[in-house]
Amino acid sequence: MINQTVFDTSEVFALKGIKHVVLSPGSRNAPLTISFARNPKIKTYNIVDERSAGFIALGIAQKLKQPVVLCCTSGTSLLNYAPSVAEAYYQGISLIVLSADRPAEWIGQKDGQTIDQLGALTNFVKGTFNLPANPVGDEAWEYTRKLNEAINTANSGKKAPVHINIPFREPFYPAEGQELSFSKELKVFNTYQSPSSSTPNEELLSKWHLSDRRMIIVGQNEQNQELDEILASLSDKAIIIADVISNNATIDAIRHHDLFLASIDEKLGASLRPELVITIGKSVISKNLKLFLRKYKPEMLWQISPQINQADTFQALTSVIESEPTTFLQSLDSQSEKEQFNQQVTSNFIQNWQIEDSKTKRKLNKALEVLDWSEFTAMYQVIKSIPAGSDVHLANSMPVRFANFIQQLRPDIEIFCNRGTSGIDGTNGTAVGHAMITERSVYLITGDLSFFYDRNAFFHPYELDNLKIIVSNNQGGGIFRLINGPSNTPELVQHFETRHEHTAKFTALEYGFDYHGVKDADALEKALKAIHKDNRGAKLVEIFTDPEINSEVFKAVKAAVK
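Counting in the numbering used here, the sequence shown runs from 59 upward without gaps.
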């Protein structure tokens, strides 16, 4: 028999606005599975592999910007959520993890499918809640109260996952003849955050108005037209730096900094040194920007975030400001009459950055006209071809870096990338979850190891007609051939690249994807036209390149933009 309070679990979630639940099969979580499956207000997805399930839930939450529930049985199934929960934690995404468990008296008694689950995700959640095993009387009140508290925790303040652990005793399934229906008088409670003033204080305003060399760095962010407009308005007062994952459409933003900052001399470095840096958003990709600001430290660096964020990425942090970036920057822009900076110094500073950016872009485009077929030239061809109005998931390692170097994506394309932990695991699953809940075309640009690592993301019955996968197959971890250190060791091929001869063709055949294998630019152009033309079935393009040639071409690119 299923306890009424337990059966009401899904109704509590529904009443609090939760609409998507990713389930993984098991016996001990059967009461929860039955509750969610029978609730018409909730959309459920069944994913066997919990690691893939976690990333699929992450992809849904990324796109919808809403909490998504994960639900698993007891034992090691919970541990398989850890990679996706860690990624969600560092991205600031709300996942609500429900794990079924054995009652406390059976933990450590050599019983099956049993581990100590409490605290299993402690480092990557902002709350852990253990519910009573027999929710009757006061324990029923406790069960529902803790459910409310956990969901409120996920929804308030800094977005992050929470973990709800629920012990169950047998039986797990409805008794014969038991009729289940949701309680009519179910109560929920919500939390509300009072709006606070985000206007900069007079001291900060004065420092802004007096600074001649100002820089605004936009880290990973979602599309935000209001922010783009404010940054455009500020672009004659500050230089705007935007990685590809910033989703920033400001026309005057600096985008090729990762290339030209790699080879600047002391004189140029000094001319590019900012006095005041404002950072918004999450992480930045550019290693060279980090190294530049750690060497040529600004006098002031302000981190602007809706929640207190004290990460000192550039080793120059001077102020942490709790504010919505749009509100804060708008207040700076609205008080231009108080400006006291030297306009000529500011103009020269902005121009110095723009000259280097424009020069690098010209050199890069010229080099691309003569470079041999390689992973870099193929990625350039792919990125330029992606249609307007698409969503793009970039895998970690080289795909996101190539996209950041090339910077040719249309401004209305939204970029997603798992830069919370920057791992190669889960890229397929995140894109799959995204594709499940949107009608837009979803492009996954990934490497071979990332793709093969996460093939279970496709092991489910759901249609992915709008998913288009581009796999760059260079027979291994090509990044290790492109960076100093591993590229110079005798262990490169076997232990770092992990060279292989696998192809994505058989995965495509297994899951019914349209498949195109290409080995030159002409074949790639035809394949891209074929996958762009419609959303009738998932499609996969596999690009084969030679790792040695890839390395030589990438060296030529870096030499060309010096």
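Read the hints as simulated data drawn from the structure, not as lab findings. Please read these numbers as outputs of a predicted model, since none were measured by experiment. For each residue, glycine too, the CB sits at the ideal point set by N, CA and C. Be aware that a few hints might be false.
[Stated by the list, open to error] List of simulated lysine to aspartate or glutamate pairs, DMTMM-like, C-alpha gap at most 25 Å:
| id | residue 1 | residue 2 |
| --- | --- | --- |
| 1 | K424 | E243 |
| 2 | K587 | D370 |
| 3 | K442 | E234 |
| 4 | K348 | D370 |
| 5 | K613 | D578 |
| 6 | K77 | E200 |
| 7 | K584 | D572 |
| 8 | K355 | E324 |
| 9 | K325 | E280 |
| 10 | K421 | E260 |
| 11 | K295 | D270 |
| 12 | K424 | D578 |
[Said to hold, decoys possible] Here are the simulated distance ranges between beta carbons:
| id | residue 1 | residue 2 | range |
| --- | --- | --- | --- |
| 13 | G170 | Q368 | 25 to 33 Å |
| 14 | V194 | D174 | 36 to 44 Å |
| 15 | P232 | V551 | 15 to 23 Å |
| 16 | G235 | T496 | 22 to 30 Å |
| 17 | L567 | P544 | 46 to 54 Å |
| 18 | E610 | N104 | 42 to 50 Å |
| 19 | P229 | D174 | 53 to 61 Å |
| 20 | K345 | P161 | 47 to 55 Å |
| 21 | N546 | D391 | 27 to 35 Å |
| 22 | K442 | E261 | 43 to 51 Å |
| 23 | I165 | P544 | 40 to 48 Å |
| 24 | S392 | E568 | 23 to 31 Å |
For each hint, the structure was consulted:
1. K424 with E243: At roughly 69 Å apart (the allowed maximum being 25 Å), E243 and K424 break the hint.
2. K587 with D370: violated (44 Å)
3. K442 with E234: violated (60 Å)
4. K348 with D370: Between K348 and D370 the Cα gap is close to 11 Å, so the pair holds against 25 Å.
5. K613 with D578: Distance ~20 Å between K613 and D578 Cα, so the pair holds.
6. K77 with E200: Holds: K77 and E200 sit about 23 Å apart, inside 25 Å.
7. K584 with D572: Cα-Cα ~13 Å, so holds.
8. K355 with E324: Holds, at about 13 Å.
9. K325 with E280: violated (36 Å)
10. K421 with E260: violated (44 Å)
11. K295 with D270: Judged against 25 Å, a Cα distance of about 8 Å means the pair holds.
12. K424 with D578: Given pair K424, D578 holds - Cα atoms ~20 Å apart, limit 25 Å.
13. G170 with Q368: 25 to 33 Å: For Q368 against G170, whose Cβ atoms are near 44 Å apart, the range 25 to 33 Å is violated.
14. V194 with D174: 36 to 44 Å: Distance hint for V194, D174 is violated at roughly 25 Å.
15. P232 with V551: 15 to 23 Å: Given range 15 to 23 Å: violated, Cβ gap about 57 Å.
16. G235 with T496: 22 to 30 Å: violated (42 Å)
17. L567 with P544: 46 to 54 Å: The hinted range 46 to 54 Å is violated for L567 and P544, with Cβ atoms some 33 Å apart.
18. E610 with N104: 42 to 50 Å: With a Cβ separation near 47 Å, E610 and N104 satisfy 42 to 50 Å, so the hint holds.
19. P229 with D174: 53 to 61 Å: violated (24 Å)
20. K345 with P161: 47 to 55 Å: holds (50 Å)
21. N546 with D391: 27 to 35 Å: violated (49 Å)
22. K442 with E261: 43 to 51 Å: Given about 46 Å between the Cβ atoms, the range holds.
23. I165 with P544: 40 to 48 Å: holds (43 Å)
24. S392 with E568: 23 to 31 Å: violated (57 Å)
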